[in-house]
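First to last, the sequence lines map onto chains Z and F.
The first sequence begins at 1 in the numbering used here and counts up by one.
The second sequence begins at 1 in the numbering used here and counts up by one.
Think of the hints as simulated: they come from the structure by calculation, not from any bench.
Don't be surprised by glycine CBs; every beta carbon is placed ideally from N, CA and C.
Just so you know, not all the hints are guaranteed correct.
[What the hints assert, rightly or not] Listed next, the in silico SDA-like pairs over lysine to any residue satisfying Cα-Cα at most 25 Å (straight line):
| id | chain 1 | residue 1 | chain 2 | residue 2 |
| --- | --- | --- | --- | --- |
| 1 | F | 120 | Z | 21 |
| 2 | F | 120 | Z | 59 |
| 3 | F | 112 | Z | 14 |
| 4 | F | 112 | Z | 72 |
| 5 | F | 112 | Z | 39 |
| 6 | Z | 62 | F | 36 |
| 7 | F | 120 | Z | 20 |
| 8 | Z | 62 | Z | 27 |
| 9 | Z | 62 | F | 132 |
| 10 | F | 120 | F | 6 |
| 11 | F | 120 | Z | 60 |
| 12 | F | 112 | Z | 63 |
| 13 | Z | 62 | F | 131 |
| 14 | F | 112 | Z | 59 |
| 15 | F | 120 | Z | 78 |
| 16 | Z | 62 | F | 41 |
| 17 | Z | 62 | F | 49 |
| 18 | F | 120 | Z | 58 |
| 19 | Z | 62 | F | 108 |
| 20 | F | 112 | F | 41 |
| 21 | F | 120 | Z | 52 |
| 22 | Z | 62 | F | 54 |
| 23 | F | 112 | Z | 57 |
| 24 | Z | 62 | F | 62 |
| 25 | F | 120 | Z | 27 |
[To be verified] Far from chain Z, some chain F residues (derived; all Cβ distances over 10 Å):
| id | residue |
| --- | --- |
| 26 | 64 |
| 27 | 126 |
| 28 | 132 |
Below are the chains, spelled out letter by letter.
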Amino acid sequence: MPNVTVRFFARYAELAGRESLALVVPPAATVADVLARVRQEIPDAAVLPDRPLTALNLRQVKLDARVQDGDELALLPPLSGG
Amino acid sequence: MMDYLTRNPISVESLLREVQSPERGGTCIFLGTVRGNDDVTGIDYSAYDAMALAEITRILDEAHQRWTGARVMLQHRLGLVSLGEASIGIAAAAPHRDEAFAACRYVIEEVKTRLPVWKKELHADGTTTWVDPTGKQVAGGLRDR
Numbered sequence: 001m002p003n004v005t006v007r008f009f010a011r012y013a014e015l016a017g018r019e020s021l022a023l024v025v026p027p028a029a030t031v032a033d034v035l036a037r038v039r040q041e042i043p044d045a046a047v048l049p050d051r052p053l054t055a056l057n058l059r060q061v062k063l064d065a066r067v068q069d070g071d072e073l074a075l076l077p078p079l080s081g082g
Numbered sequence: 001m002m003d004y005l006t007r008n009p010i011s012v013e014s015l016l017r018e019v020q021s022p023e024r025g026g027t028c029i030f031l032g033t034v035r036g037n038d039d040v041t042g043i044d045y046s047a048y049d050a051m052a053l054a055e056i057t058r059i060l061d062e063a064h065q066r067w068t069g070a071r072v073m074l075q076h077r078l079g080l081v082s083l084g085e086a087s088i089g090i091a092a093a094a095p096h097r098d099e100a101f102a103a104c105r106y107v108i109e110e111v112k113t114r115l116p117v118w119k120k121e122l123h124a125d126g127t128t129t130w131v132d133p134t135g136k137q138v139a140g141g142l143r144d145r
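Let's have the full structure, built from the sequences with the hints guiding it.
The structure is reproduced here in structure tokens:
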């Protein structure tokens, strides 16, 4: 079963009340599946958007991307750099 | 080579030193500075550092592949940046001005859509607001701007 580290940043870290969460997910789980697990594990994460911007191993991905063992999934609030 | 992310003021001279050379006859500098809207006294910048560094590397590589004679460098501030100070500096030098302008423009536009960096506005009354360029209503009854 793949181990995935979920990271929260900026406003999402404040809303979730934490900066990271370690999860064990089913084989062939997608980013969307991991997000569903996050909502189960962290009640405060229920207020996060349904389709947040996500990055897998430092690259933006869509919700149907597959996660693998050791992956880092980041939930990114709307970007406002520059 | 200089750091892409810094907690110190951005030095235009340092950026220029990274890109200028005798064969590059056109140089552009872009600075993004903290605007004095409403009662904002400064902006606190935070980042997903590892991804920001990876994205900057990718964006600069893309610019160098697209404008092969150009050399582009950028620095983004993190932490508290006061009104009027630069939060980002980009220098682009190329043999001719067209490539310098184009490469500089490319890099700032890609930064805006790809760099995992967030702004928290600090207000005169001590409150703070996360900036949301999408302007959408967010959870918890709070509204980002």
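Review point. Taken at face value, is the distance from the CA of residue 6 of chain F to the CA of residue 120 of chain F at most 25 Å?
Key: holds, 17 Å
Point to revise | Non-interface claim for residue 132 of chain F versus chain Z (Cβ beyond 10 Å) | key: violated, 5 Å
Review point. Is it true that the CA of residue 120 of chain F sits at most 25 Å from the CA of residue 27 of chain Z?
Key: Not satisfied, since the Cα-Cα distance of roughly 38 Å exceeds 25 Å.
Check your understanding: Within a Cα-Cα threshold of 25 Å, do residue 62 of chain Z and residue 41 of chain F meet the stated pairing?
Key -> Status violated; Cα separation ~36 Å.
Practice item. Would you check the hint for residue 120 of chain F and residue 21 of chain Z, treating anything up to 25 Å between C-alpha atoms as holding? Key: Between residue 120 of chain F and residue 21 of chain Z the Cα gap is close to 24 Å, so the pair holds against 25 Å.
Point to revise | Non-interface claim for residue 126 of chain F, where every Cβ of chain Z lies beyond 10 Å | key: holds, 17 Å
**Study point:** Satisfaction of hint between residue 41 of chain F and residue 112 of chain F, Cα-Cα up to 25 Å
**Key:** OK: residue 112 of chain F and residue 41 of chain F at ~22 Å, within 25 Å.
Review point. Is it true that the CA of residue 112 of chain F sits at most 25 Å from the CA of residue 14 of chain Z?
Key: holds, 23 Å
Review point. For the pair supplied as a hint, residue 112 of chain F and residue 63 of chain Z, is the alpha-carbon distance within the 25 Å limit?
Key: The given pair, whose Cα atoms are some 21 Å apart, holds under the 25 Å limit.
Exercise for review: Would you check the hint for residue 62 of chain Z and residue 49 of chain F, treating anything up to 25 Å between C-alpha atoms as holding?
Suggested key: The given pair, whose Cα atoms are some 21 Å apart, holds under the 25 Å limit.
Practice item. Take the C-alpha atoms of residue 62 of chain Z and residue 132 of chain F, compute the straight-line distance between them, and say whether it is at most 25 Å. Key: Roughly 20 Å separates the two Cα atoms, so the pair holds.
Point to revise | Least C-beta distance from residue 64 of chain F to chain Z larger than 10 Å | key: holds, 19 Å
Consistency note: the structure conflicts with the earlier hints numbered 5, 6, 16, 25 and 28.
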